[in-house]
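Engineer: Sequence:
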Amino acid sequence: AHLPAFLAMSESGSAVPAPAKLAKMTKTTVGMAAYAVTSSMMLIINKLAVTFFPHASVLLCLQLLATTAIIGVLSTTGHLNADAFEWEKARPFLFVALGFLGALYANVKTLQYANVETFIVFRCSVPLLVSVLDRFFLGRAWPNIRSWASLGVVSLGALAYVITDANFEVNAYGWVGVWYACFAFDAVYIKKIVDKTSLSVWTLSYYQNALAAPCMFVFTICNGELAGAMAHVWTPADICVVSVSCVAGLVMSWSSMNLRGLVSATTFTVTGTMCKIATVVVNCLMWEKHASAPGMAALFVCLFAGMGYQQAPMREGFVSGNANAREMEKVKEKLIG
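Under the numbering used here, the first residue of the sequence shown is numbered 69, with each subsequent residue one higher.
Calculated directly from the structure, the hints in this document are not laboratory data. Do not rely on the hints blindly, as some may be mistaken.
[What the hints assert, rightly or not] DSS-like cross-link-like pairs, simulated, lysine-lysine; straight-line CA separation at most 25 Å: (1) Lys157 to Lys92; (2) Lys264 to Lys89; (3) Lys92 to Lys264; (4) Lys92 to Lys260; (5) Lys264 to Lys95; (6) Lys260 to Lys95; (7) Lys89 to Lys157.
[Stated by the list, open to error] Label pairs and their in silico Cβ distance ranges: (8) Gly146 to Glu384: 43 to 51 Å; (9) Ser266 to Ala209: 55 to 63 Å; (10) Ala365 to Val301: 37 to 45 Å; (11) His147 to Pro304: 23 to 31 Å; (12) Ala217 to Ala295: 32 to 40 Å; (13) Asp151 to Ala91: 42 to 50 Å; (14) Val286 to Ser311: 17 to 25 Å; (15) Trp216 to Ala152: 25 to 33 Å; (16) Ala101 to His147: 52 to 60 Å; (17) Glu384 to Ser268: 27 to 35 Å; (18) Asn149 to Ala101: 15 to 23 Å.
As the structure is a prediction and not an experimental result, all values here were calculated from the model. All residues carry an ideal CB built from backbone N, CA and C; glycine is no exception.
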């Protein structure tokens, strides 16, 4: 059995025991499905949350604090496998937290000022950049012709959307640009860190959120949003939506960190892009502020073109900073080829 083309890796030469291959394929498929569902729903939930509670940075701070608190409590009671916070262990993840934080904040600000399709279509073009970064920083080979064509059509679809989008918003596209840079750094740097560490997924998620939360809190003070949020008159609906977004943030944090350890940085971004078709459908049903017909057509071209992507293998003779990580990368290519 093989995974769909856009999730497939290039074949390696060695045989792998069938039970081990099946187990690894199952783990990777479940990880992709979990990330796809949570990524799709998180976009809609955040859009809904900033509608009820229009203080983007404070909302993110609440999500980060909630994730940190929940993981901390459940790990203390033995329900989650997460190490206690130790600065010596957590220090290497400071840049991870900052990149993650920048991408999250730009994400929410984009959704606050523009339609969901605007965000998604730029999200579709990120794999093109990440595939280049994968080659130079993470030891991957160049994508094959089929994959370059797939990523190229996705980028052209994004350009077509920008040209035909009737709801062009300068502020929104400015925030998309900030998100674009942060996400590319986030995808590559976190992948490099995840491949080199022996910490559990829950520990990685815990450290990432614990380091990002204080930074986000300071930012809410500096940009004045904390004062506005303190004056917010809460309704039961506000509390419900924000609480759901906090729980969704916890699940999203785990599922994204888990998938990063299973696939390449480019495959991670392509997987997230492919799941957005569900977001488009839900968005069209929920909001009036969606794209024009030509814009929607360009968006669907982006989404379906990405299905032709095939993950590039590790370069022959590439030496990573960690022997175990190098061996794991070889196994991944064998198992899903």
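Engineer: Compare the structure with each hint and give your call.
Structural biologist: Now the hints, each set against the structure:
With a C-alpha separation of about 28 Å, the suggested pair Lys157 and Lys92 falls outside the 25 Å cut-off, and the hint is violated. Taking the CA atoms of Lys264 and Lys89, the gap is about 23 Å. The hint holds against a cut of 25 Å. About 19 Å separates the Cα atoms of Lys92 and Lys264, which keeps this hinted pair within 25 Å; it holds. In summary, the hint linking Lys92 to Lys260 is supported, as the alpha carbons are separated by about 21 Å, within the 25 Å threshold.
For the proposed pair Lys264 and Lys95, the alpha carbon gap of about 20 Å is at most 25 Å, so the pair holds. Restraint check for Lys260 and Lys95: satisfied, since their Cα atoms lie roughly 20 Å apart, inside the 25 Å limit. The straight-line distance between the Cα atoms of Lys89 and Lys157 is roughly 32 Å, outside the 25 Å bound, and the hint therefore fails. Between Gly146 and Glu384 the CB atoms are about 44 Å apart, so this pair conforms to the stated range of 43 to 51 Å.
As the Cβ distance of Ser266 to Ala209 is approximately 26 Å, the hint placing it in 55 to 63 Å is violated. Taking the beta carbon of each, Ala365 and Val301 are about 42 Å apart, inside 37 to 45 Å as hinted. Between His147 and Pro304 the CB atoms are about 29 Å apart, so this pair conforms to the stated range of 23 to 31 Å. Distance hint check for Ala217 and Ala295: the Cβ-Cβ separation is about 51 Å, which falls outside the suggested range of 32 to 40 Å.
Remark: the range hint 42 to 50 Å for Asp151 to Ala91 is contradicted by a beta-carbon distance near 25 Å. Between Val286 and Ser311 the beta carbon distance is about 24 Å. The supplied range of 17 to 25 Å therefore holds. Separated by about 45 Å at the C-beta atoms, Trp216 and Ala152 break the suggested range of 25 to 33 Å. Checked against the hint of 52 to 60 Å, the pair Ala101 and His147 fails, with Cβ atoms roughly 23 Å apart.
Look at Glu384 against Ser268: about 31 Å separates their beta carbons, and that is inside 27 to 35 Å. At about 21 Å, the CB distance of Asn149 to Ala101 agrees with the hint of 15 to 23 Å.
In this structure, the hints that do not hold are numbers 1, 7, 9, 12, 13, 15 and 16, in rising order.
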